[in-house]
Amino acid sequence: MSLRLAVLGAGAVGGSVLDLAGDYGHDVVAFADSSSSAVDPAGLDPSAVHDRKERDGVVGEADPGAVFDADYDVLVEATPTTLGDAEPGFSHVERALADDRHVVLANKGPVAERYADLRALEAESEGTVQFEAAVGGAIPVLSTISDLGAPHVTAARGVLNGTANFILSRMAAEGLDYEHVLAEAQDLGVAEADPTFDVDGIDAALKFVILANVLSDGETEYALDDAEVEGIRNVPGTALDLAAEDGRTVRLIGEATADGVRVAPRLIPQGSALSVTGTQNIVQLETKHAGQLNISGRGAGGPETATAVLSDVSRLE
Amino acid sequence: MSAQDLDGGSDAETDGSGEMPKPHTIRLELVDEPGQLLAALKPISDNGGNLLSIFHERGSLTPRGHIPVEVDLECPPDRFERIVEALRDAGVNVIRAGAEHFGEEVMVILVGDIVDSDLSDTLHRIESSADATLQDLSLSAREGTNEASSARLRLAVRSGRVDETLSVVRDLAAEKGLHVVEPLAEGSQ
Chain A
1 MSLRLAVLGA GAVGGSVLDL AGDYGHDVVA FADSSSSAVD PAGLDPSAVH
51 DRKERDGVVG EADPGAVFDA DYDVLVEATP TTLGDAEPGF SHVERALADD
101 RHVVLANKGP VAERYADLRA LEAESEGTVQ FEAAVGGAIP VLSTISDLGA
151 PHVTAARGVL NGTANFILSR MAAEGLDYEH VLAEAQDLGV AEADPTFDVD
201 GIDAALKFVI LANVLSDGET EYALDDAEVE GIRNVPGTAL DLAAEDGRTV
251 RLIGEATADG VRVAPRLIPQ GSALSVTGTQ NIVQLETKHA GQLNISGRGA
301 GGPETATAVL SDVSRLE
Chain B
1 MSAQDLDGGS DAETDGSGEM PKPHTIRLEL VDEPGQLLAA LKPISDNGGN
51 LLSIFHERGS LTPRGHIPVE VDLECPPDRF ERIVEALRDA GVNVIRAGAE
101 HFGEEVMVIL VGDIVDSDLS DTLHRIESSA DATLQDLSLS AREGTNEASS
151 ARLRLAVRSG RVDETLSVVR DLAAEKGLHV VEPLAEGSQ
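Residue numbers (UniProt numbering), protein chains in the order written: chain A, 1 to 317; chain B, 1 to 189.
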């Protein structure tokens, strides 16, 4: 069944959803960036929208709010993640659910910071909320947990920030210091000009907060403030040297367990499942009856994250 | 000095748990003063331990200038912890208590001004308050850079005390302005 998508957010993820929706048999009928929107009930032409954005800096004539008046089935919320009240993302979700539409989130804010509010709105609506894309990009973490059943998963651990992982694994492999590798990562586009979110562990923490919310199944609500977070700025090359001498390495590891959420640089054996290199991500699920499950893959990137969005959309059919 | 079959415990207590007594080895560190050895053995017999042998190596000294003593004893498994606790309560310095009880090894890396923050004090306090023994220490500093130096500590920790040890290391590091890179728990790697 073909679903009509309204996409909010014209960054790498939103843009890729626009490009790939047709491949999954769906139509994007509305598309908005922060200042404009394009609406076409027959389905938007991706290249025309991209051209317009590049040429004029807008995606269409209408204002962003016009998206909600379009005849759509699923709102794809892919605006930048914000902390605290998670606005404006949260209001976008609220509006769509009030109109009994489904919501697929790539934006981590509403799920990490206002999980209970989000679930309460969902309970009042005919629509449902999905957010696979908010955790681990292309890696099917939440659908795996859903298949296993959250009560059967006792913990989730892993590496869910490609930028921090790139920096640590480059530092370890090349014997370079943090500043040097960060500059290289910025040149390569792996790190943003302001890398705070990634290197201070906030991005990873948001993902593990989401995992903790999913695993606790409504019993305890977690937000970023509940997480113990330490980034990688204080991991010098000397620490990686010492770790390597003893067959270990350091990775920014997140944990969502019964004890709560913690993100910190940790010593792990070289060559162990969690010691992924480069921008690779991995999630390890601890199950009650089936041991450990490791799922790894690309945790970020436009097309990668868009596939998670579109898998969520397909689950709504 | 060596002694065999110093049966100091009451049989009723020793047999109490219904589990077969098992041999254990405890390494103690005694101050070279009269009466120290007897004082150290009393908590063992008082808590249902059956002494098998005592190896008292008078010629050699521990790094702290004390006399190492190795005690072999037999007791039901559930009594052993109590005996070690009683020894510690009596002020006896227990270096090792049964190989299997120091069975866990923990590695941590400290980052920062390692030397300026008084490394020997750091190590001493970890050993004394965390019930851990330092097995190995490595330092690393890169000349000509402003990178922080690091120290890798390998600690032998009594079973079940890993979290406690890490928490002592964390508190100490916070006090001294150092950062800790902790290991991820065994079995979750």
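Don't take every hint at face value.
Said to hold, decoys possible - Negatives, chain A to chain B, calculated, CB over 12 Å: (1) 53; (2) 62; (3) 68; (4) 100; (5) 127; (6) 138; (7) 177; (8) 188; (9) 192; (10) 230; (11) 243; (12) 289; (13) 300; (14) 317.
Said to hold, decoys possible - Straight-line C-alpha distance at most 20 Å; calculated SDA-like pairs for lysine to any residue: (15) B/42 <-> B/118; (16) A/53 <-> A/43; (17) B/176 <-> B/118; (18) B/22 <-> B/66; (19) B/176 <-> A/196; (20) A/53 <-> A/40; (21) B/42 <-> B/81; (22) B/42 <-> B/23; (23) B/176 <-> A/288; (24) B/176 <-> A/234; (25) B/42 <-> B/78; (26) A/288 <-> B/185.
Hints were generated in silico from the structure; no laboratory data involved. Bear in mind the structure is a predicted one, so any value in this text is a computation, not a measurement. Every residue, glycine too, gets a C-beta built ideally from N, C-alpha and C.
Each hint tested on the structure:
1. 53: Non-interface label on residue 53 of chain A holds, nearest chain B Cβ at 43 Å vs cutoff 12 Å.
2. 62: 50 Å, holds
3. 68: 44 Å, holds
4. 100: Answer for residue 100 of chain A: holds, closest chain B Cβ roughly 42 Å.
5. 127: 37 Å, holds
6. 138: The claim stands: residue 138 of chain A keeps its Cβ more than 12 Å from every Cβ of chain B (closest is about 23 Å).
7. 177: Incorrect as stated: the minimum Cβ-Cβ distance to chain B is 5 Å, not above 12 Å.
8. 188: About 22 Å separates residue 188 of chain A from the closest Cβ of chain B, which puts it past 12 Å; holds.
9. 192: 23 Å, holds
10. 230: Incorrect as stated: the minimum Cβ-Cβ distance to chain B is 8 Å, not above 12 Å.
11. 243: 6 Å, violated
12. 289: 16 Å, holds
13. 300: 23 Å, holds
14. 317: With a cut-off of 12 Å, residue 317 of chain A remains clear of chain B, as the shortest Cβ separation is near 37 Å.
15. B/42 <-> B/118: 37 Å, violated
16. A/53 <-> A/43: Distance ~17 Å between residue 53 of chain A and residue 43 of chain A Cα, so the pair holds.
17. B/176 <-> B/118: 9 Å, holds
18. B/22 <-> B/66: 28 Å, violated
19. B/176 <-> A/196: Roughly 25 Å separates the two Cα atoms, so the pair is violated.
20. A/53 <-> A/40: OK: residue 53 of chain A and residue 40 of chain A at ~16 Å, within 20 Å.
21. B/42 <-> B/81: Status holds; Cα separation ~15 Å.
22. B/42 <-> B/23: Distance of about 18 Å is within 20 Å: holds.
23. B/176 <-> A/288: 40 Å, violated
24. B/176 <-> A/234: Between residue 176 of chain B and residue 234 of chain A the Cα gap is close to 15 Å, so the pair holds against 20 Å.
25. B/42 <-> B/78: The given pair, whose Cα atoms are some 19 Å apart, holds under the 20 Å limit.
26. A/288 <-> B/185: Since the Cα atoms of residue 288 of chain A and residue 185 of chain B sit roughly 17 Å apart, the hinted pair holds (cutoff 20 Å).
In terms of the numbered hints stated before, the structure departs from hints 7, 10, 11, 15, 18, 19, 23, listed from lowest to highest.
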